[in-house]
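Student: What follows is the residue order along each chain.
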Amino acid sequence: MRVPLGTLRILVLLAVFVATGLFFASQIDGYLNARLFNRISGSVAVIALIAVGQAFVVLTRNIDLSIGSVVGGTAYFTGGILIAYPGLPPMLVPFLAMAIGAVFGAANGFLVARFRLPSIIVTLATLAIFRSILVQSSDGSSITTDRLPPWLTEFATMNAFTVGDLQIRWIVVISVLVVLTAHIFLTRFRAGRTFFAIGSNPDAAAFAGIDAGRTIFLAFVISGALAGLAGFMFLSRFGNITVVAGLGLELKSVGAVVVGGVNIFGGSGNVLGVLIGAALIDLIDTSLVRWALVSAFWREAVLGLLILLAVAADTVLMRRLLRRKPTGGAP
Amino acid sequence: MPPVLDMRDISKSFGGTLALSRFSLVLEPGRIHALVGENGAGKSTLIKTMTGIYQPDSGEILVDGQPVTFPGTAAAQRAGIAAIYQEPMVFPDLSVAENIFISHQNRPRLINWSKLNDEAAAMIARLGVSLDPIRAAAELTLAEQQTVEIARAISLNARILIMDEPSASLSDHEVKRLFGIARSLRDQGVAVLYISHRLEEIFALADTVTVMRDGKHISTKPVAEVTQASMIAEMVGRDMAGRFAREPSKNTGVTLLKVSNLAKTGTFRDVSFTVNKGEIVCFSGLVGARRTDVGLALFGVAPADAGTVEIAGQPVTITSPNQAQSLGIAYVSEDRRKLGLALTEGISANITLPMLGKYAGAFGWLDRMRELADAQAFRQQLNIRAANLTVPVGTLSGGNQQKVMLAKWLNTRPRLLIVDEPTRGIDVGAKAEVHQILRTLAAEGVAIIIISSDLPEVLSLADRILVMREGRIVGEFAGDTATDESVMRLAVAAPDTVTGVA
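Protein sequence lines correspond, in order, to chains R and Z.
Quick note on this note's numbering: the first sequence kicks off at 1 and runs consecutively.
Quick note on this note's numbering: the second sequence kicks off at 1 and runs consecutively.
Among the clues, some could well be false.
Sample of chain R residues with no beta-carbon within 10 Å of chain Z, all distances over it, derived [unchecked claim]:
{"hint": "1", "residue": "95"}
{"hint": "2", "residue": "99"}
{"hint": "3", "residue": "146"}
{"hint": "4", "residue": "165"}
{"hint": "5", "residue": "187"}
{"hint": "6", "residue": "212"}
{"hint": "7", "residue": "291"}
Stretch by stretch, here's where chain R covers chain Z in the computed footprint (C-beta under 8 Å, at least three residues) [said to hold, decoys possible]:
{"hint": "8", "stretch": "43-50"}
{"hint": "9", "stretch": "72-78"}
{"hint": "10", "stretch": "99-109"}
Below, simulated SDA-like cross-link-like pairs (lysine to any residue); rule was C-alpha separation at most 20 Å, straight line [to be verified]:
{"hint": "11", "chain 1": "Z", "residue 1": "258", "chain 2": "Z", "residue 2": "270"}
{"hint": "12", "chain 1": "Z", "residue 1": "115", "chain 2": "R", "residue 2": "192"}
{"hint": "13", "chain 1": "Z", "residue 1": "48", "chain 2": "R", "residue 2": "202"}
{"hint": "14", "chain 1": "Z", "residue 1": "48", "chain 2": "R", "residue 2": "207"}
{"hint": "15", "chain 1": "Z", "residue 1": "115", "chain 2": "R", "residue 2": "189"}
FYI, nobody ran anything at the bench for these hints, they're computed from the structure.
Beta carbons are placed, not taken as given, at the ideal position from N, Cα and C, and that holds for glycine.
Working from the sequences, and respecting the hints, build out all of it.
Tutor: Here's what the structure looks like:
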């Protein structure tokens, strides 16, 4: 029985995740407990959202570097709106945040799809521009917890249900639901498969009559909207939002995507893997803080190393696969 | 049977060049129609016109007797026209089944994978072959990827299938399987247009054959009424007026390059030849004969795996372009825009690029004055027409770009100059100038290898002609006794029909 490559990848990732947990458990006293889960699951919820958004973009052979600025921007603007209109119905607020994020994403998508500009440059520019808009409109002032409606800051720690000591927060449930929805969309729907087709072979996609521009635009809008939702959760978790909110999240999102097995050159990947990738990155990030042997200042470097490792492993794997392919070249 | 496709008096020109000139073609259902012609005869333009990539300047296309226009590929697809090429266009990351059904707009939005796989298997079975629908296209052989492409075309109800050099990269066994597929499609009523350089395939497969030359329709006959010789005569037949005059050989008889049994797995093998100082040796053959690969191996871009190379009696192993340059080899690429020139840079910057060390002083400081002086000398010597030496070469005409390319490599003072398609896409005047430059170089004692698909050019320049086919040298002619037909016959002939010209 041949295990499909995608399934194999997820199994390997799970094994790496478990091994990492066991490694830290052997290094840190009292490591494996419910508190660890409760702490990590909350931040994974946020990273998983932006990583799934990033996955849509990367599948089409693009990249969204502006994602951290979008998270910061939506957190800030949503907070600002809530301070001005504290009576907004809570159910509406996440959708409001997604809409704000989608507008940022649409700007990226429009520039990339309409003018065929390289996304790495477009989103590098919008990373700076979105951040500046945030700084400018905030006038340097911060959003603080005491000015926000109480339900918002309570939401982040609200449990959907508990399993023993494990608290399953609503934000975790929402995030997992988003991942599952994205997974079903990408694997079971025709519209989802076009993301893979475009990244896999743009020329063939054009010949097959697939509208690449529309799909790429959509990928950026999805990325923006999910970053908006992440911004809402960010606001809810931290309450205090400064102009540096969400700084550096692009690294984590790309890291989760690549570690999760999405080909950085587009065309293949699985968002379930991305979820595990996000969890793995956050596990290492959180654990390093508590590991006495290594300074916590190495956290970023470890993340960078992890990305390099994942890309290298993927490249080696793909080369193997391609070398196996016998070609009927001229004698 | 009424024709399914009727192309009438199709013309298409690019700039001043007429690629198709009142070309007509009729395809009937359940028939395999072969199309043959030299490189550059207009076959590719014809296919692109049929598939909606190009729009004809004039003429009429009828499908099932109804006039149609194809503003894009989608329209041609809707009319039932599909094409597959030598290099299959598949989605490597997607499965066989997905590759087949990717452009089906009428399928449900929600994918039922098991149903999709079953239908894909059935579609492949229609072609008389078997292939696991869940395998990723990246894992398939070229031939299998082609099968997937054909299945995709048929699943879209293609009634006209264009196969453009489908067998060029396939093994004998795979070609047989491809023929099987083509025949079963014919039996199901599909009109197949089969394009191949391998004339023997046409006798094995086709019902009818059309010969085209210089964008014109030359003949359409039942295969039973033609021979290889008659087809070749029609493919090359051109009046003597198009010929360039020959000049006496500058061959010194002193061997500079000796190549023995050069081979590269999957590309070429048993390549042995010599080139003397002052001699012009031309490699002739069809596209895909692997002539360029031999050139790239000698220049170290894609080194050979086996065989020996001697330069001026010294055995050498060439593994990089840098090393090849230091051995006195220069290579002028066929693709000026992609591989040869920095288009946004000026003439002088392009000419001095491979030899920057010569112009660099202390700390790598470039001596611009010397650069300009050398560039100026080449500009006069080669008659490069440009406003000044710093205009971006991308703005020059093709002929002048080609001269800049030559200057760039002549500046390295090569002993051996390899020129790939020296005059492709440049006008007749510039062509004559380039020929004269090459002859002058030979007179100065440079050994020259020319890879050219332009037979009149080869016949006018070559001291010796080596004909390659399918990665091997299959024959040799003296330049002054060869003819269009003798070279072409060797370039296209089936292995068993080659008689020992070599």
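Student: All the hints need checking, so say for each whether the structure fits it.
Tutor: Hints versus structure:
no. : hint            : in the structure
1   : 95              : holds, 24 Å
2   : 99              : holds, 25 Å
3   : 146             : holds, 48 Å
4   : 165             : holds, 40 Å
5   : 187             : violated, 8 Å
6   : 212             : holds, 13 Å
7   : 291             : holds, 38 Å
8   : 43-50           : violated (count 0)
9   : 72-78           : holds (count 3)
10  : 99-109          : holds (count 6)
11  : Z:258 <-> Z:270 : holds, 13 Å
12  : Z:115 <-> R:192 : holds, 18 Å
13  : Z:48 <-> R:202  : holds, 19 Å
14  : Z:48 <-> R:207  : holds, 12 Å
15  : Z:115 <-> R:189 : holds, 14 Å
Checked against the numbered hints above, the structure violates hints 5 and 8; every other hint is satisfied.
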